[in-house]
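Residue numbers (this note's numbering), protein chains in the order written: chain H, 1 to 421; chain R, 1 to 380.
Where hints are given, some of them may not hold.
Not everything, but these chain R residues come out facing chain H in the computed CB check (under 10 Å) [claimed, not checked]: (1) Phe-126; (2) Leu-168; (3) Gly-188; (4) Ala-190.
Rather than coming from a laboratory, the hints here were simulated on the basis of the structure. Everything numeric in this text was worked out from a predicted model, so none of it was measured. Ideal Cβ placement from N, Cα and C applies to all residues, glycine included.
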Amino acid sequence: MRWLPATAGFAVVTLVLVGCTERELLEVDPDTAPGQKTPTVEVEIPIEGLVSWRDTTYTGYVVPSSSSYRVAVDSVDQQSTLLARIETIPDSIDTATGTEAIEAYANGRFRLIVDTAISTIPELGVDFEVYLLTRGYVAEQTTWTLAETDVPWTTPGGDLGERIASLTIDAPFDSTDSDTVFIPFEVDTDAVLSAWQATGGEPGFAVRASGSTAFVQVRSIALLFDAKPESQDTLIAVARSPAGFTVIFSPETPPPGQTSRLAGLPSSRIYLDFELPDTWQGLQLKGSIINAASLVFRPGPAAPIPFELEFPLEIAVYRLLADPFVVGPKTPIGASLGPNVVLNPGTITEDGAELAMSITPLVFAWSLSAPDSLTVLRVGLQALPEGRDPGFWRFGSAEDAPALRPSVRMLVTPTVPFRLP
Amino acid sequence: MLLLTFAPALVAQMPATGLGLGYPVPPIDARAAALGGTGLGLLGGSLSGRNPADLRGFRRPTLGLTYAPESINVETPGSSQPTGRSRVAIVQAAVPIRSWTVGLGFASGLDQDWGVRLQDTLRSSFGTFPYDERREHDGGVSAVTLALARELGRFSVGIDGSLWTGSLRQSFSRDFEPSLEDPNETIGVAGGEARFSWSGFRFRGGAATNLGSRIRLSGVIGWSTDLKATRDSVGADDVTYSFDMPFEWAIGGSAQITTGLMASAAVGFSDWSATDGDLTSASASDVFWYGLGLEYVGFSAFGASLPLRAGVRRTDLPFRLVGTEQLVETAGTFGIGLEVSGGLATFDLAVELGTRGDFAESLVQESFRRLSISMALFQL
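Only chain R is shown next, with the shape it has when bound in the complex:
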C-alpha cells in the first residue's frame, strides 16, 4: 500500500485518551476545578468525589451534576489538529440524616474516547482504490459509588465502595472508493468491532476535620480490586483482561484567609506503576498531583454572591507510549459561581487552560481548554 499525501499531519497524532487505559478524569465539580482541581476539604462543601468524608460538608440534601467538555488541540511538530471531548465528570447526591450522610454518585474514571481517520490508497491487481479508514474507541470506565459519612465531634469520617463499570467499543472500518481506473470497479469494505465490559471494585476511607471555623483539612486513601475487561462481542471468544488498579491517597484543605478570600490546596498520589506489568502496548507510572486555588467572594449579581476563583494544578498522567517519558498535565484554572433562588440552587463554571505532554519527550502533546459546568440543587 502506498500513501497519498492527503492528511495534514506529518507524524502520528496520538490522543491522550488513546494511551494505556485512557485518560483519568478527576471526579470534581466546577468549583473544585476552578480552585486548581483540589476538591478536598473545601469550606462550604464540594460535590467532588475525592473524599467520602467531605459529604458532611452539606447540611441539606443535595444533588449536583458536573458536565465537563473539553476542546483540545493535538500537537505535533508543525501541525495542530483540533478535536474535543465531552464527559459527565460527576453526578453526586448527598442526604444528611442526623450525624450521618449517605452519598450516591456516578463519576467518570478513565476516558477512552478517541477516533482517527486515515486516507490512503490501495494499489493492487484489482485496481487502485483510495480508501478512508476510521479507527475509533468509544467508551470508558466509570465509578458508581455508594458512600457513608459520619460526624464524630470535630471530625468527619467516611467510607465508600465503588463499582467500576462501563464499556469500550473498539471499531475499525476501511471504506474503499471505486477504482481510479474503472469507476465501476468496486471492492468490499473492511471493518469490525469489539466490545469490552469493565468491572471491578474500589474502596476508600477518608477523614476530614475543621480547625476552628476557618480551616478544613481532608484526607483519603483508596484501594481497588483488579479492573477486569471482558470481551462480550457477539461471535467472539470470551477473553478477559485484568489490570491492577492503583492504591491512592490524597490530602487537602482550605482556609478562610480573610472574610472574602479562601485558599485551597490538595495533593495526591496513585501507584499506577503497579499496572505497568499488565500492559503490553503502553507503560504506566505512578501519578503525583497537586493543585492550589483562591476564591474571592466580594461581588454579587442579581442580588446573589458571585464568587471568583482561580488556581493552578499539575498532575502526572499514568499512561505513556512504551519507551517515552511520562506525560505531565498543567493548567491554569478560573471560575465563577452563582447562587440563585435564595440558595435553592448554585451554578458554578470553571475554565481550565493547560497542556499535557511534550511531543519531544512523550510523542504525545495536547493543549486543552476544559469547561466545567456544575449545577447543584439543595433542599430548603
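The shape of chain H in the complex, shown without the other chains:
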C-alpha cells in the first residue's frame, strides 16, 4: 500500500504524456493551411515553345524478309507473293550402305503450314500456285517492283516462269483436320530439282494465292521430295527448308514523307530530340520537381487501305544514346523511359485522341542536372511487335499544321520557396 500513491501518480503522468503526443493537424485547404507550399502544375509546351525540336521517321528496322508477315493475298486492295529458294538440294544421300549419289528426284511437293486463325479462305476456294522465277532476287531488298536495289522486275510482282505446282483448296478450310497444305508438283520433279541443285536454288520460286479476298498467312514452307540413290530402287524421303523466304506486296508501303510514322513493313520508328526551356510562362522548370512528363503526339488520318492498322500495337519509348540526326537509323537505343502504351486502332481515331508517351525519367534528370550538362533530350519510339504487318499509323510532326504537331506535357512542382516569416 505504500506504493499505491506513487503508482497512481505514475499512471496519471503516463496518461498525460500520452495525451501530449505530437500529432499532425489535418487541414483541408492547401491555400490557407500553414506552411511552405507549392502547387503541382500541369503545363503543355508546344514545340514552338521549346528551345529546339527535331523529329524524323526512320524506316527499315524490320523488312519483309525478317518479319513474320508471310501472307499470300489476292484482293482488290492488295496482292502479294511469297518468294523463296531451296538452296540445299542434295546430290548425294546417306543410305544403309553408305553415302550414294542421287540418281533422280521424284514426287516433289511443297508443304505449307497455314495460320488458320487469321487466314481467310474465300467461299470459292483458293488456288495455290508455285512458279519458277526467271530472275533472281535479294531477299532483304526485293519489293513488288524491284528484284533488288535498282534492279526492277520485268513484270511487277516478280518475273514468273513456268508453273511447277498448284492446288485448289475448297472453302471452308477444315483447320481442325490439319493446318498443313501439300501442293504437288505438276511438272517433272527431277528436272526442277536438278536445276536447283546445280544453281543453288537460283533464281527461286514464287507462291501465289489466287482467289478473290484470299488472305493466307503461311507460317512455314518446305519442299518435300523423294530421292533415288544410284544403286538402289528404294526412294528416300527428303525435306528442305527454303532460304531467302520473303514476301513482296502491292501496293508497296509508301514513304513516310513529312509525317511521323510508327509500325509498318518495312517498319518505321520516330526519332527526335529537343531542348526544354528553363522557364515556361513564368514557371520555373529547371530545378523543379518533374512529377511526370510525356511526349504527346496527335494522330493523323488513318493510313490508306491496305495499310490501315488492323490490330492493336504497343508503343515503346526509350532514350537514344547518340544524336539520331548524325548517326541515323542505327542510333543506339538506351533504357526504356516508361511503360508501353497500347495504340488501339479503334480508339486512336476518336476526337481528341492522342498518343502520350512517358519520358518522366529523362525530364526529371534534366531538371536536376547541372547547367549545360544535359541540354538535348533524345527519344525514340518504336512499335511492338515491330514489322508484324504493313499497317502503320501516322502522327503529326514538326512540319505539320500546329494542331497536329507534338508537344511536351509535364506535371511540375516548383521548388518550395522555404522562407522564414
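Given the coordinates of chain H, work out where chain R should sit on it, guided by the hints.
Then chain R, alone, in the frame of chain H:
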C-alpha cells in the same frame, strides 16, 4: 486542383507555434509554473531562468531539469483537433562558491514545432491522383546561458549571457497515390526541405532582495542582439535573416503570509513590436504578462512535505497573423511538490489548463493542458 472533402476541419487550423518566430516558452520550472508562471523571487529558490540574481536562492550545488509536454486542441468553429508538443523547458545548474553563484542553463526560447497534413486530389491529363501532403516545421530557438550572481548584503545581483542557438527544419512532401483511372499509373513525389540555424546573444542583469525573512523581491532586465537565421541546407544559396529581439523586463516576488502559506506574483514586458518590421507573413506586438500563485505547505507524504500550489496567469503572445488581433494566453495552474531522500532531491509537478487566442479575433485558438515535471538534485 480540386478538393476532396476528407479532412474534418472546415477552415485552416493554425497552431500557435506556426505564428511568426514561434511560441515563446517560459523558462520556468514546475514550481514556478504551478504558481502562475511567476518564477521571480520565489522564497526557497527556483530553478527557473527568469533572473540570474535568483540563483543565490540556492545554498547548495543544484541541478534541475524541467520537462513540459503539452496536450493541445486546435480550435476552429465547429471543429477541434488534438495535437501535442513536448519540450525541455529548462535545465539549470547552480554552484554557489562563497558569496558567488555560477549558473549554467539551457532553456527553450521559441518553440517552432508543428505539422499539418492535407489530403487532396490532383486532376490532370496524366490522371486523377489523390495525394497526401505534409508540411512540417521542426525545431526552435534555445538559449544556453552562463550566469553569475553575487550576494551583497541583503541584495543579490546577477548577470548572464545567453547564446541563442538551435535550428529549424522546414519540410514539405506530397505523396501521390496511383491514378484512380489506372492503378498502374503513378507519378513522382514532390518535396523538399530547408534548414536554418539560429544564432544571437542575450544579456541580462537582475537583482533580488529579501525584506526580512518573509518577503523576497526580484527584478531583471534583458537585451538581445538580433536573432540571425542562416539557411544552411545543402545545395541552397546562403540566405541570412535577421530579427530584432526584444528588450525585456520583469519583476516579481513572494511573501510568506503565514507559516504554511506563501504568495507569489510577477509581471513582465517584452517589446516584441520591434520585431514587427522584420516579419513579412506575420505581425508582432509587445507582450505584457503577469501571474499570481499560492503555495501551501501543510501536508506530507512518506515523511516528506507535500506542498500544494495554485495560480493563474495571463500573457500576451508576440506573434499573430497579419491583420488579426493579438493572441492572449490565460491559464489556471496547479501543482504539488515532493522532497525525497532527506532533501537530496525534489520533484515538482504542475498542471496548467488554459487557452490561447480567440478564433474570431485572431484566427488562432488553442486550448491546452500543460504538464511540467521538474526534478532537482541537491548536494548534501
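A quick look at each hint next to the structure:
no.	hint	result
1	Phe-126	5 Å, holds
2	Leu-168	8 Å, holds
3	Gly-188	5 Å, holds
4	Ala-190	4 Å, holds
In this structure, every one of the numbered hints holds.
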